[in-house]
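Asks: Sequence:
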Amino acid sequence: MSKFTPEQVSELNDKLKTPEEVLQWGLENIHPKLALASSFGAEDVCVIHMLSKINPEARVFSLDTGRLNQETYDVMDEIRKKYNSKIEITFPDASEVIEMVQTHGLNLFYESAENRKLCCGVRKVHPLNKMLSTLDGWITGLRSDQTQNRQASKKIEIDEQHDSMVKLNPILDWSWDQTMGYIKENDIPYNKLIDQGFPSIGCEPCTRAIKPGEDLRAGRWWWENQSDKECGLHMEHNK
Numbered sequence: 009m010s011k012f013t014p015e016q017v018s019e020l021n022d023k024l025k026t027p028e029e030v031l032q033w034g035l036e037n038i039h040p041k042l043a044l045a046s047s048f049g050a051e052d053v054c055v056i057h058m059l060s061k062i063n064p065e066a067r068v069f070s071l072d073t074g075r076l077n078q079e080t081y082d083v084m085d086e087i088r089k090k091y092n093s094k095i096e097i098t099f100p101d102a103s104e105v106i107e108m109v110q111t112h113g114l115n116l117f118y119e120s121a122e123n124r125k126l127c128c129g130v131r132k133v134h135p136l137n138k139m140l141s142t143l144d145g146w147i148t149g150l151r152s153d154q155t156q157n158r159q160a161s162k163k164i165e166i167d168e169q170h171d172s173m174v175k176l177n178p179i180l181d182w183s184w185d186q187t188m189g190y191i192k193e194n195d196i197p198y199n200k201l202i203d204q205g206f207p208s209i210g211c212e213p214c215t216r217a218i219k220p221g222e223d224l225r226a227g228r229w230w231w232e233n234q235s236d237k238e239c240g241l242h243m244e245h246n247k
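For this note's numbering, add 8 to where a residue sits in the sequence shown, where the first one is 1.
A few of these clues could be false.
Said to hold, decoys possible - Simulated crosslink set (DSSO-like; lysine-lysine; CA at most 30 Å straight-line):
1) Lys-11 - Lys-94
2) Lys-61 - Lys-11
3) Lys-162 - Lys-41
4) Lys-162 - Lys-192
5) Lys-192 - Lys-90
6) Lys-25 - Lys-90
7) Lys-138 - Lys-11
8) Lys-138 - Lys-90
9) Lys-138 - Lys-125
10) Lys-11 - Lys-25
11) Lys-61 - Lys-192
12) Lys-162 - Lys-23
13) Lys-23 - Lys-11
14) Lys-94 - Lys-200
15) Lys-90 - Lys-41
16) Lys-61 - Lys-41
17) Lys-162 - Lys-94
18) Lys-61 - Lys-200
19) Lys-125 - Lys-162
20) Lys-89 - Lys-61
21) Lys-138 - Lys-41
22) Lys-61 - Lys-138
23) Lys-41 - Lys-125
24) Lys-89 - Lys-41
Stated by the list, open to error - Restraint-style ranges between C-beta atoms, simulated for each label pair:
25) Asp-185 - Ser-120: 33 to 41 Å
26) Ala-217 - Asp-101: 28 to 36 Å
27) Gln-204 - Thr-13: 41 to 49 Å
28) Arg-75 - Leu-224: 19 to 27 Å
29) Thr-98 - Asn-63: 18 to 26 Å
To be clear, the hints were calculated from the coordinates, so they are not data collected in a lab.
Predicted model only: the values in this text are computed from it and were never measured.
Glycine included, every Cβ here is placed at the ideal spot set by N, Cα and C.
Construct all of the structure, not just a fragment, from the sequences and the given hints.
Replies: Structure follows, in structure tokens:
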């Protein structure tokens with residue numbers, strides 16, 4: 009349950025303008041029960057860089073789904089070494105993965121949207137929920153221009169989806185160009201798949217490079233038709 013009222017959160021959103029101000033507030037008021045959920049995309053490494061400057065003990069965790077690209081593991085290690093960060097890795101429940109794969113096959117996600125959401129649930133959502141149950145607040149690298157349902161987000165929110173904990177979205181109003189500019193300016197290690205046309209990176213079987221003119225998230229679950237695709241980490245879903 010959140011220690012902060014909607015009125016307090018609204019005041020904070022009016023008062024705290026920069027990503028650093030949002031993170032500073034979070035670290036002062038919620039650390040150590042506050043952590044960044046990082047997939048080690050471009051946005052997340054920017055936030056890690058900011059956190060390291062504010063408090064080197066700031067917590068970072070990542071969901072290892074078991075289906076990530078090698079390039080993602082590479083940048084995890086680069087970030088760990090550069091910032092001396094103790095990245096906390098969470099894994100899906102082995103028995104859930106075994107049951108899912110034995111019932112539906114290894115590549116079930118290509119067969120239907122329901123199967124894809126089942127896989128995201130087992131490999132990402134359930135481990136996230138387990139981790140968040142130990143925290144009072146979490147940080148994301150969300151940007152509001154990524155999908156339609158992220159446009160209504162605020163930099164500081166009460167996350168009704170996760171027991172009304174605090175959710176911080178410090179770079180919510182950044183653009184893709186702003187994000188990449190910050191990486192270059194600060195010499196931050198980043199996922200090399202970005203240079204190969206992967207602006208949004210998830211699991212290896214479910215991500216492809218985008219074509220010129222395509223939406224930045226077009227490479228995620230490209231075989232599905234709906235325009236506003238999510239894995240379930242940032243929208244209403246069953247725990």
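Asks: Could you run down the list of hints and mark each one as holding or not?
Replies: Hints versus structure:
1. Lys-11 - Lys-94: The given pair, whose Cα atoms are some 27 Å apart, holds under the 30 Å limit.
2. Lys-61 - Lys-11: Measuring from Cα to Cα gives roughly 26 Å; hence the hint holds.
3. Lys-162 - Lys-41: holds, 20 Å
4. Lys-162 - Lys-192: holds, 26 Å
5. Lys-192 - Lys-90: holds, 15 Å
6. Lys-25 - Lys-90: holds, 28 Å
7. Lys-138 - Lys-11: Holds, because 20 Å separates the two Cα atoms, which is no more than 30 Å.
8. Lys-138 - Lys-90: holds, 28 Å
9. Lys-138 - Lys-125: holds, 18 Å
10. Lys-11 - Lys-25: holds, 21 Å
11. Lys-61 - Lys-192: holds, 17 Å
12. Lys-162 - Lys-23: Cα-Cα ~13 Å, so holds.
13. Lys-23 - Lys-11: Between Lys-23 and Lys-11 the Cα gap is close to 18 Å, so the pair holds against 30 Å.
14. Lys-94 - Lys-200: holds, 22 Å
15. Lys-90 - Lys-41: Holds. Lys-90 to Lys-41 sits at ~24 Å (cutoff 30 Å).
16. Lys-61 - Lys-41: Holds: Lys-61 and Lys-41 sit about 18 Å apart, inside 30 Å.
17. Lys-162 - Lys-94: holds, 28 Å
18. Lys-61 - Lys-200: holds, 24 Å
19. Lys-125 - Lys-162: Holds. Lys-125 to Lys-162 sits at ~25 Å (cutoff 30 Å).
20. Lys-89 - Lys-61: holds, 15 Å
21. Lys-138 - Lys-41: holds, 14 Å
22. Lys-61 - Lys-138: Distance ~28 Å between Lys-61 and Lys-138 Cα, so the pair holds.
23. Lys-41 - Lys-125: Given pair Lys-41, Lys-125 holds - Cα atoms ~29 Å apart, limit 30 Å.
24. Lys-89 - Lys-41: With Cα atoms ~23 Å apart, Lys-89 and Lys-41 stay inside 30 Å; holds.
25. Asp-185 - Ser-120: 33 to 41 Å: This hint holds: roughly 36 Å between Cβ atoms.
26. Ala-217 - Asp-101: 28 to 36 Å: holds, 31 Å
27. Gln-204 - Thr-13: 41 to 49 Å: With a Cβ separation near 46 Å, Gln-204 and Thr-13 satisfy 41 to 49 Å, so the hint holds.
28. Arg-75 - Leu-224: 19 to 27 Å: For Leu-224 against Arg-75, whose Cβ atoms are near 21 Å apart, the range 19 to 27 Å holds.
29. Thr-98 - Asn-63: 18 to 26 Å: holds, 21 Å
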